[in-house]
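Chemist: Now for the letters of each chain:
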Amino acid sequence: MAKIVIYTIFVIFLLSLSIVFPKIGASAPNFLFLFAVVYAFRKDDSDYLWLAFFSGLALDFYTNSFLGIFAISFLITAYIINYTTRTFFSSDLNPGYIGLIVMLAYLLVVGLVYFLNSLAVRFGAGLPVSGEYLTTKVWFDLFLNLIFALPIYFLSLLNDRLINYYSKDEGSF
Amino acid sequence: MRSKRQLGVFSLLIFLGLVLLILSINGLSKPLQSTGVQPSRPLVYVFSKAGNSLKSFFSYFSSVNSVNRKNAALSEQLRKLQQENVALQQYKLENEKLREELAFRQKTSLNLVSATVLGKDPTGFSQSLVLNIGKSSGIKVGAAVLSEGFLIGKIVSVDTFTSKVLLVTDPQSTIDAQISSTGDNGIVRGSYGSGMIIENLSQSALVNNNDRVMTAGLSAEIPRGLLIGNVGQLQSQKSDLLQRATVISGVDLKNLEFVSVIKE
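Chains as they are written, first to last, in this note's numbering: chain A, 63 to 235; chain B, 297 to 560.
Please note that a few of the clues may not be correct.
[Said to hold, decoys possible] Straight-line Cα separation of at most 30 Å, DSS-like style, residue types lysine-lysine; simulated pairs:
| id | chain 1 | residue 1 | chain 2 | residue 2 |
| --- | --- | --- | --- | --- |
| 1 | B | Lys300 | A | Lys105 |
| 2 | B | Lys345 | A | Lys65 |
| 3 | A | Lys65 | B | Lys300 |
| 4 | A | Lys105 | B | Lys393 |
| 5 | B | Lys326 | A | Lys65 |
| 6 | A | Lys230 | A | Lys105 |
| 7 | B | Lys393 | A | Lys85 |
| 8 | A | Lys85 | B | Lys550 |
| 9 | A | Lys85 | B | Lys345 |
| 10 | A | Lys85 | B | Lys388 |
| 11 | A | Lys85 | B | Lys300 |
| 12 | B | Lys300 | A | Lys230 |
| 13 | B | Lys345 | B | Lys300 |
Don't read these hints as lab results, they were simulated from the structure. Bear in mind the structure is a predicted one, so any value in this text is a computation, not a measurement.
One chain only, chain B, in its complex shape:
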């Protein structure tokens, strides 16, 4: 009897899952996805913040074990001060990042929309972010996403109030690029382990360490001249037909909080 009930629930949920999958394949699940993310957003935000505090608390707690009992009162005071300090440091960091973002926005002529990073892909199967802006802010699929003037990815899906960004470090990401000093064209591709590689550079191209890598502007959505990063190490041999080199982004892609999206 019990197993029949389980089988019934299982069949019902499989059916529901398949319906969602079919809707998703046909691009009809956007409102549902948007509705699904919206109610959990505040709680995810609160828990994420609490998680960060917990992390700092546990690192502190382990150090408290080594302190003797007589210093317990002082330790308590120290703990409070440290927590306060962590909070202040977070505010400072947030402030600095906002200032850097603002400084870039004041310099550029691009039409930019500011966004806050709501979350990252928790599974790690793709290098992506969820932003707090969507169709309602005029964001479109394919739009370039910048942080402190560096291209960090492009929009791959948009809901009413949120959008997803595929980072330049994801292996699915390819961007037409060129070495700014020589104008040699190549393709910047994400690689495993949060890195980037510029490839398809002709053997005659002069590639030096720290050369700037910019977007080539061959696709309509990503304008020419956006900074992607600097050339790191040359990976190809002299015998290779085409050259390839690592590219190092100027921003820490693992700790993004505020970004800008280019609006048409």
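Bound conformation, chain A alone:
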């Protein structure tokens, strides 16, 4: 129970941070994406899947897109990261390597968001995500995400500490 509450508070906190964080042009770091990626990289249990899904869903609620687009995109990206870093590549901590993972993961998320959005627009009425942003926005987004990857990594460690602390308390009752 403590785990769910702490995860929820962190997701809402990062969502709020994304909302208040000043945008440079149209670019901003995607804190929830980084949180989901860091967990997919670090964790072996299925927690990271739930976290990726609900982080994406939180974004879905506050964006102008179809519900589920970010949730599915984050989920697929997290699963691919977790699977590949344990099957084909290493999951050792190395700043350059993590940077590469964050970069590829963000491009994958953007691709999935655009693909799912255009699919949804084709089947239903709604606004397509503006392609005009793609050329300039994404590269600067990538840069900002790389800068904030390390702070979010440390935030995930803090999150784990809190979960361990409160789970111990729960066990003693």
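Based on the hints, put chain B in the right spot on chain A.
Modeler: Frame of chain A, contents of chain B only:
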């Protein structure tokens, strides 16, 4: 065993995501979206406020590093006063914005509903806002949203207690407009980087810097005569078939807190 469990959770969540997407495509996800936003709203509000305070705290903290230890007590006092000052400035700004909004509402004959901006699109993929009013306040899709008398966008989706606004600066936004001094018609479109452009103006149209750009009222939801902004720079060449120019809004669209929505 572990990977089988992960695959199971993954499949379950993908299924759930697809169900949400299908519901959303068919317009059936509104109650769910509304329910999803409601519980997080107070926490998002609190964290957003705390985030703003944190921002001002860190900017102050960096300056404290340069102060020597003897002045620590004074610095502490200064920090408190500055925080108090920031809070007061925020109240003042809030007050001014409310007064400006109220002044416009008293002048106009439009049927307006006041709203507070709950959030902005955090991803930056679209220029949109979430407002704290929805169907329960009589808000409908397509309704024009104003701030200090300027058109800032239109409602694109409505839940029971919240609604989403697509800002005039989003590239998806198009509004029929006219230059007030000459009556020449054009289309105001959002452009990358939070700007606006009026285009499709005929080559014979006289477009001058600072000319007022108003809504043309060609669509049913957006009445004629709402101020969109002023003409900035002319972007077209003499050889172009149609003219285009930048439009500068009279309000800061990045710092909106209170808006008004036109009710039918």
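Chemist: Could you check the structure against the hints above and give me the numbers of any it violates, in ascending order?
Modeler: Hints 4, 11 and 13 are the ones this structure does not satisfy, whereas the remaining hints hold.
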